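Peer 1: Letter by letter, the chains look like this.
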Amino acid sequence: MNSRTADRIATGVFIAIAIIITAILAGLFFYIFVNGFKYISFDFLTTPSSNVRAGGGIRDQLFNSFYILFITMLITVPIGVGGGIYMAEYAKPGKVTDFIRTCIEVLSSLPSIVIGMFGLLVFVNTTGWGYTILGGALALTVFNLPTIVRTTEDAIRAVPRDLKEASLALGITHWHTIKTVILPAAFPSILTGAILAAGRVFGEAAALLFTAGLSTPRLDYANWNPFSDQSPLNIFRPAETLAVHIWSVNTQGLIPDVEAVSSGSAAVLVISVLIFNLAARWIGSMIHKRITATK
Amino acid sequence: MAAITITRDIFDVKDLNLWYGDHHALKGINFPIQKKEVTAMIGPSGCGKSTFLKTLNLMNLMVPNVKITGEVNFDGQNILSPKTDLVELRKHVGMVFQKGNPFPQSIYDNVAYGPRIHGIKKKKQLDEIVTKSLIDVALWDEVKDRLNAPALGLSGGQQQRLCIARALATKPDVLLMDEPTSALDPISTLKIEELIFELKEKYTIVIVTHNMQQAARVSDKTAFFLMGELIEFDKTEKIFSTPADSRTEDYITGRFG
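As they're listed, the protein sequences go chains A and B.
Residue numbering for the first sequence is 1 to 295, as defined by my numbering.
Residue numbering for the second sequence is 1 to 257, as defined by my numbering.
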């Protein structure tokens with residue numbers, strides 16, 4: 001076989017792989033949308049769910065998903081980016097650093113159900129909080145943090161070394177160099193890492209079953225006092241997220257319209273993740289353009 | 001009483017030795033650098049000239065396992081002392097690198113970067129510094145209408161001049177240049193050389209170059225390094241016409257290196 005034929009075959013194989021991947025993705029979206037889209041309505045999005053009767057909505061679950069995501073990112077992004085900066089800029093190469101890195105990798109590959117059990121033990125029982133949003137967010141932090149540390153470290157290491165040297169040679173301190181040169185240059189990659197981590201949080205069910213619980217109290221959206229039991233903002237209340245809701249109606253739902261609720265929820269979940277991704281990327285590119293002065 | 005003129009050396013290097021791990025990169029260097037002169041350093045790759053340059057602002061300390069002994073006196077202070085404030089030193093000793101390395105920010109922000117972080121907040125004062133620095137490097141006319149455009153959109157030669165302006169904006173006494181034209185085309189190179197000629201009115205310049213014609217064109221004094229040793233250091237005309245050491249002669253006549 002001559003090299004030209006080999007080249008053609010290789011090109012063909014890679015194109016075929018690309019088509020297969022795209023087809024699987026498109027098929028999946030198509031299936032979810034065709035099944036679920038017809039159930040999505042204004043009522044579906046704005047009424048609370050029902051345990052026994054048909055016609056329940058997903059208002060609280062949708063809110064809970066976004067709220068847990070928000071609380072989780074509030075905890076993970078500062079700590080994770082800080083950890084990444086430490087690993088890339090301050091940690092001296094050696095056995096201790098390698099050990100820390102191995103720990104981080106192991107942590108990020110733990111099965112989420114195990115983290116759920118761990119969360120039940122620590123954030124639910126030991127603390128005595130019961131099922132709470134905060135407990136759920138902390139459990140998600142356990143496997144989210146390593147991802148963000150890792151992506152931040154990689155992003156910082158990918159910043160050209162001569163930018164750092166240029167800044168230090170101007171008599172700028174290490175911290176100021178990190179803040180004003182390195183982090184802005186690493187920002188797009190850090191953002192991508194955070195978005196990927198957020199997508200995982202959104203779809204996570206196993207780790208939340210035992211930490212944020214399977215129920216939501218009756219919420220009053222006019223009540224903005226975060227310490228009130230009825231307030232949606234209270235972080236010490238149980239909160240069933242959309243992904244958990246899909247799991248629970250499918251496995252133990254008593255409602256007659258299980259099919260409608262779960263298909264509709266699945267479609268809403270996928271659309272939410274899409275909207276979140278696009279919005280985060282759009283905001284990210286606006287910020288990046290501002291600091292790099294590219295219009 | 002007769003007036004005594006003291007030509008003060010801005011740098012006085014005494015018995016400088018430097019190791020990268022086991023590699024003895026600089027061997028017993030003694031080297032005075034005079035104020036407001038251009039000192040060129042030539043020699044084959046790996047001879048230690050860049051290492052020596054980076055010792056003058058201690059950028060070498062970024063390399064792991066580096067060990068430096070001897071004295072590097074800057075304005076009478078030995079900067080090798082652990083008490084040295086690197087930030088303060090580098091404000092006085094600026095550096096221009098081999099490849100133009102502007103920050104991915106606007107042209108204005110690149111030049112204003114140093115002064116801003118060193119505490120100048122007033123817009124008017126920053127404007128003045130940016131304008132003056134850009135005029136000093138003969139870039140003002142080319143960029144005055146697009147100061148807010150990204151610096152990475154400039155040509156290679158413009159980027160390098162912008163980096164020089166950025167270094168000048170912190171008002172250094174000394175400007176270290178590490179092969180500043182090796183990545184540039186002949187016309188941009190010529191512009192930088194003309195610039196060096198003008199800058200020596202105000203600054204002390206130390207330049208490392210691979211290009212011997214360049215050393216001959218721009219410098220007052222030239223130092224020849226070989227295998228980590230300073231072989232010869234003298235007036236540039238002397239080095240290029242009647243060098244004292246046969247190795248210098250071999251190098252500048254192109255017999256090796």
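Hints may be right or wrong, so weigh each one.
[Stated by the list, open to error] Here's a subset of chain B near chain A, in silico, CB distances under 10 Å, partners left out:
#: 1; residue: Phe31
#: 2; residue: Val87
#: 3; residue: Lys91
#: 4; residue: Gly156
The hints are simulated quantities; they were obtained by calculation from the structure and are not laboratory data.
From a predicted model like this one, the values you see are computed outputs, not experimental measurements.
Note that the Cβ used here is the ideal one computed from N, Cα and C, for glycine as well.
Peer 1: Hint by hint, note whether the structure agrees.
Peer 2: Structure-based check of all given hints:
Contact between B/Phe31 and chain A, as hinted, is not supported at the beta carbon level, the nearest pair being about 20 Å apart and thus beyond 10 Å. Checking B/Val87 against chain A by beta carbon gives a least distance of about 5 Å; that is within 10 Å, so the hint holds. Annotation: B/Lys91 was flagged as interfacial toward chain A, and the flag holds, the nearest CB pair being 4 Å apart, inside 10 Å. At a threshold of 10 Å, the smallest CB-CB gap from B/Gly156 to chain A is about 14 Å, leaving the interface hint violated.
When held up to the earlier numbered hints, the structure conflicts with 1, 4 and fits the remainder.
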